[in-house]
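> Now for the letters of each chain:
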Amino acid sequence: MSIIVECLRVSKKYTLSPVQGYTTLVETLTHRWRRATKALCGKHSKDTSPPINELWALKDCDLQIMTGDRVGLLGRNGAGKSTLLKLLSRITIPTSGFIKVHGRVASLLEVGTGFHLELTGRENIFLNGAILGMTKKEIARKFDEIAAFAEIENFLDVPVKRFSSGMYMRLGFAIAAHVDPDLLIVDEVLAVGDISFQAKCLKKLNHLSACGTTILFVSHDAGAILNLCNKGILLEKGAVQAQGGVQECLNIYMQKYRSQNLCWQGNDGNAQIRFYRLALQNNDLRRQFFYNDDQIQVVIDYEILQICDNFIIGLEIRNLNGQILANSHIQENEIAFATSLGIKQAIFNLNGHYFHPGEYTVHLSCLLPSHSSVISNDICVKLVVYSQTTTNPLLPNSPTTLSLGNGWQSK
Amino acid sequence: MSKTALYSDQQSLVCEGWLESFKEVFKFRELFYFFIWRDILVRYKQAFFGLTWALIRPILNMLFFTLVFGKIAHLPSDHVNYGLFVLAAMLPWQLFSSATVEAGNSLVNQAQLLSKVYFPRLLIPAAHIGVNLLDFAVTLVLFLILLPIYANYQWSLLATPFLILLTLMLCLGSGIWLAALTVRYRDFRIIVPFFMQFGMFISPVGYGSFLISDHLAWWYALNPLVGIIDGFRWAFFSHSHPFLLYNIIVSTFITSLLFLGGLFYFKKTEKLLADII
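Those sequence lines, one after another, are chains B and L. The first sequence runs 1 to 411 under the working numbering. The second sequence runs 1 to 277 under the working numbering.
By construction, these hints were calculated from the structure, which means they are not laboratory data. Keep in mind that this is a model prediction, so the values were computed, not measured. The beta-carbon is built from N, C-alpha and C at its ideal position, and this holds for glycine as well. Some hints here could point you the wrong way.
[Said to hold, decoys possible] Straight-line alpha carbon distances no greater than 35 Å define the calculated DSBU-like cross-link-like pairs of lysine-lysine that follow: (1) 45(L) x 100(B); (2) 136(B) x 268(L); (3) 136(B) x 45(L); (4) 142(B) x 237(B); (5) 27(L) x 161(B); (6) 267(L) x 137(B); (7) 45(L) x 142(B).
[To be verified] The following label-pair restraints were derived from C-beta to C-beta distances: (8) 136(B) x 191(L): 47 to 53 Å; (9) 187(L) x 358(B): 49 to 55 Å; (10) 151(B) x 23(L): 36 to 42 Å; (11) 197(L) x 136(B): 37 to 43 Å; (12) 148(B) x 46(L): 26 to 32 Å; (13) 204(B) x 30(L): 22 to 28 Å; (14) 202(L) x 8(B): 50 to 56 Å; (15) 32(B) x 42(L): 53 to 59 Å; (16) 162(B) x 26(L): 34 to 40 Å; (17) 50(L) x 98(B): 49 to 55 Å; (18) 33(L) x 98(B): 32 to 38 Å; (19) 42(L) x 151(B): 22 to 28 Å.
Whole structure, please, built from the sequences with the hints as guidance.
This is the structure in structure tokens:
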């Protein structure tokens with residue numbers, strides 16, 4: 001395996017002063033004139049321009065990408081992801097540092113870049129293909145494949161301005177996916193398009209990767225990244241925070257930015273029972289996102305201050321709309337959860353199979369027989385479930401709330 | 001096929017070889033044809049008269065100038081039909097003015113594309129000149145059909161390819177200058193059309209340059225279009241005047257300067273294009 005992308009101490013500075021950027025001739029000329037007159041008058045105040053706002057979009061960034069990797073680029077807004085992609089696709093140059101890219105790069109920073117609205121689908125396939133670096137011969141050879149992938153065979157001679165936004169998007173992705181580059185850069189384009197086309201895109205990217213294309217993928221959708229990538233790069237404030245396996249990078253990312261949700265820690269309850277922590281874990285590793293074949297353990301740290309057997313500790317699982325999907329309760333007289341004083345831990349085993357990929361919240365509840373709550377705050381953690389296998393796009397997008405997993409056997 | 005794209009800090013980028021730049025432009029030549037093809041397609045899409053516009057515009061101009069300068073002002077045209085006399089100048093003028101204005105605006109108009117995909121930026125203004133070359137060719141054919149009705153074909157006609165080349169160089173030179181300047185200063189979007197109107201009268205389009213008095217003619221030639229238009233008229237009608245050779249030499253010199261300077265300035269701006277556009 002060889003290195004396909006290498007960055008050494010790459011920095012990129014943007015100047016936010018009015019001198020650079022969108023200027024008028026008059027501004028520049030008066031600026032120069034003022035500086036010249038100041039110099040002539042012997043005033044040595046060097047800086048007459050307004051204080052320059054500098055923004056380091058990237059600062060001393062070191063990274064390497066090996067051939068054949070599928071790298072997920074993570075980071076919050078403003079972490080420098082887009083700048084890095086622009087540098088790698090040569091749209092702009094670094095302020096300092098060194099970038100080496102071996103081979104042909106195709107970047108899909110935006111779907112349908114370079115489409116001309118007046119031109120037909122057919123004409124745009126040729127034009128956009130050429131812009132992305134294909135030769136005319138190549139495009140002609142792959143033409144039918146592209147049209148079929150985009151599902152626009154019947155609209156080839158219609159101007160693109162009459163396309164629906166879905167068709168437009170599909171065509172844009174289809175062309176870029178057929179460039180056959182050595183490095184394919186994809187920036188959050190999968191966020192648009194319907195579910196089945198998203199699945200199709202992911203499948204195509206997986207296929208490209210299997211054929212040896214290195215993929216650099218940016219998305220806020222951690223699920224898409226987990227599905228597609230095997231490596232991860234985490235950017236924060238223009239610097240590389242972590243680089244390595246996608247799972248570790250996602251872990252760090254989640255811990256850093258969603259810590260308020262990763263685990264609840266506090267002190268809540270009444271004079272008899274206090275709750276200190278609610279967390280999700282898998283094999284003693286605290287996590288927030290799980291594959292749907294993982295075992296999810298819900299861990300509750302609590303303390304019994306006074307023995308009392310009439311409260312009910314329970315868990316509720318809700319979807320993002322707040323709808324309660326399932327719950328489970330410990331009745332204190334059942335098991336030895338509250339028979340002695342002191343700090344205790346309760347663990348509930350949850351099976352990942354029961355979840356469709358998506359986001360859920362796990363809520364802690366503790367009720368008195370009168371149904372009044374012992375805890376005063378909403379204690380919850382976020383649970384994110386991903387599909388281990390790519391879902392068959394032919395399956396209907398299931399409207400069911402819970403999944404039965406794959407329990408089929410043949411006899 | 002493996003190539004290595006390697007770039008480092010700005011300092012070394014400015015020194016990056018010209019040879020590589022030209023090689024790259026050559027490598028992307030297919031995209032260049034595609035841009036020309038696109039602009040030709042787009043130009044006459046949803047236009048009822050289509051390519052006929054390439055003929056209508058110069059003919060209308062010709063009629064207007066013939067009326068004003070030939071019929072009303074009674075300016076001399078060296079015994080050539082005044083319409084043809086004007087059309088001969090209209091050929092390079094139309095190419096120059098349209099190509100320069102369009103090339104000048106091209107980068108800013110394509111800002112969206114430039115900030116998303118990489119290719120040699122020179123292709124964009126250059127393609128606009130290619131498109132106008134088509135209009136030029138259409139008018140040229142019309143002219144060559146009309147010519148024998150009023151005059152004879154001359155041997156000097158063989159100089160036309162050289163003159164066309166010189167005009168193209170001038171268009172590209174001023175086009176890339178303006179394209180790069182417009183990226184930095186939008187003022188040029190307003191200045192340029194104004195100067196083009198002006199330029200039509202300080203160039204010998206509607207009249208012959210032999211009307212310029214001798215002491216002014218030395219300076220008059222500094223407008224590179226003077227030499228080019230004189231050249232075209234000489235090629236078509238074999239009409240010479242004392243300043244003809246001087247005009248053509250000065251024009252070639254200024255055009256080359258403009259062209260080389262334009263390449264330098266464009267290359268400099270190209271690096272920062274995506275950041276300042």
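> Each hint should be assessed against the structure and marked as holding or not.
For each hint, the structure was consulted:
Taking the CA atoms of residue 45(L) and residue 100(B), the gap is near 43 Å; set against the 35 Å cutoff, the hint is violated. For the given pair, residue 136(B) sits about 31 Å from residue 268(L) by alpha-carbon distance, which is consistent with the 35 Å threshold. Distance check on the hinted pair: residue 136(B) and residue 45(L) sit about 23 Å apart at the alpha-carbon level, within 35 Å; holds. Simply put, residue 142(B) and residue 237(B) have alpha-carbon atoms about 41 Å apart, too far for the 35 Å limit, and the pair is violated.
For the suggested pair residue 27(L) and residue 161(B), the alpha carbons sit about 31 Å apart, so the restraint of at most 35 Å is met. For a cut-off of 35 Å, the pair hint linking residue 267(L) to residue 137(B) stands: about 30 Å separates their Cα positions. Of the supplied pair hints, the one linking residue 45(L) and residue 142(B) holds, its CA atoms being roughly 27 Å apart against a limit of 35 Å. The hinted range of 47 to 53 Å is not satisfied by residue 136(B) and residue 191(L), whose Cβ atoms lie roughly 38 Å apart.
Judged by the Cβ atoms, the range 49 to 55 Å given for residue 187(L) and residue 358(B) holds: they are separated by roughly 53 Å. A C-beta distance of roughly 39 Å is found between residue 151(B) and residue 23(L), which places it inside the suggested range of 36 to 42 Å. Our hint of 37 to 43 Å for residue 197(L) and residue 136(B) holds, since their Cβ atoms are close to 40 Å apart. Checked against the given bound of 26 to 32 Å, the beta carbons of residue 148(B) and residue 46(L), roughly 29 Å apart, stay inside it.
Restraint check, residue 204(B) to residue 30(L): a C-beta distance of roughly 25 Å satisfies the suggested window 22 to 28 Å. Distance hint check for residue 202(L) and residue 8(B): the Cβ-Cβ separation is about 54 Å, which falls inside the suggested range of 50 to 56 Å. The supplied range of 53 to 59 Å is broken by residue 32(B) and residue 42(L), whose beta-carbon atoms lie about 39 Å from each other. Separation of residue 162(B) from residue 26(L) is about 37 Å and conforms to the stated range, judged on CB atoms against 34 to 40 Å.
As the Cβ distance of residue 50(L) to residue 98(B) is approximately 51 Å, the hint placing it in 49 to 55 Å holds. Checked against the hint of 32 to 38 Å, the pair residue 33(L) and residue 98(B) passes, with Cβ atoms roughly 34 Å apart. Residue 42(L) and residue 151(B) have their C-beta atoms about 26 Å apart, which keeps the hinted 22 to 28 Å range intact.
Checked against the numbered hints above, the structure violates hints 1, 4, 8, 15; every other hint is satisfied.
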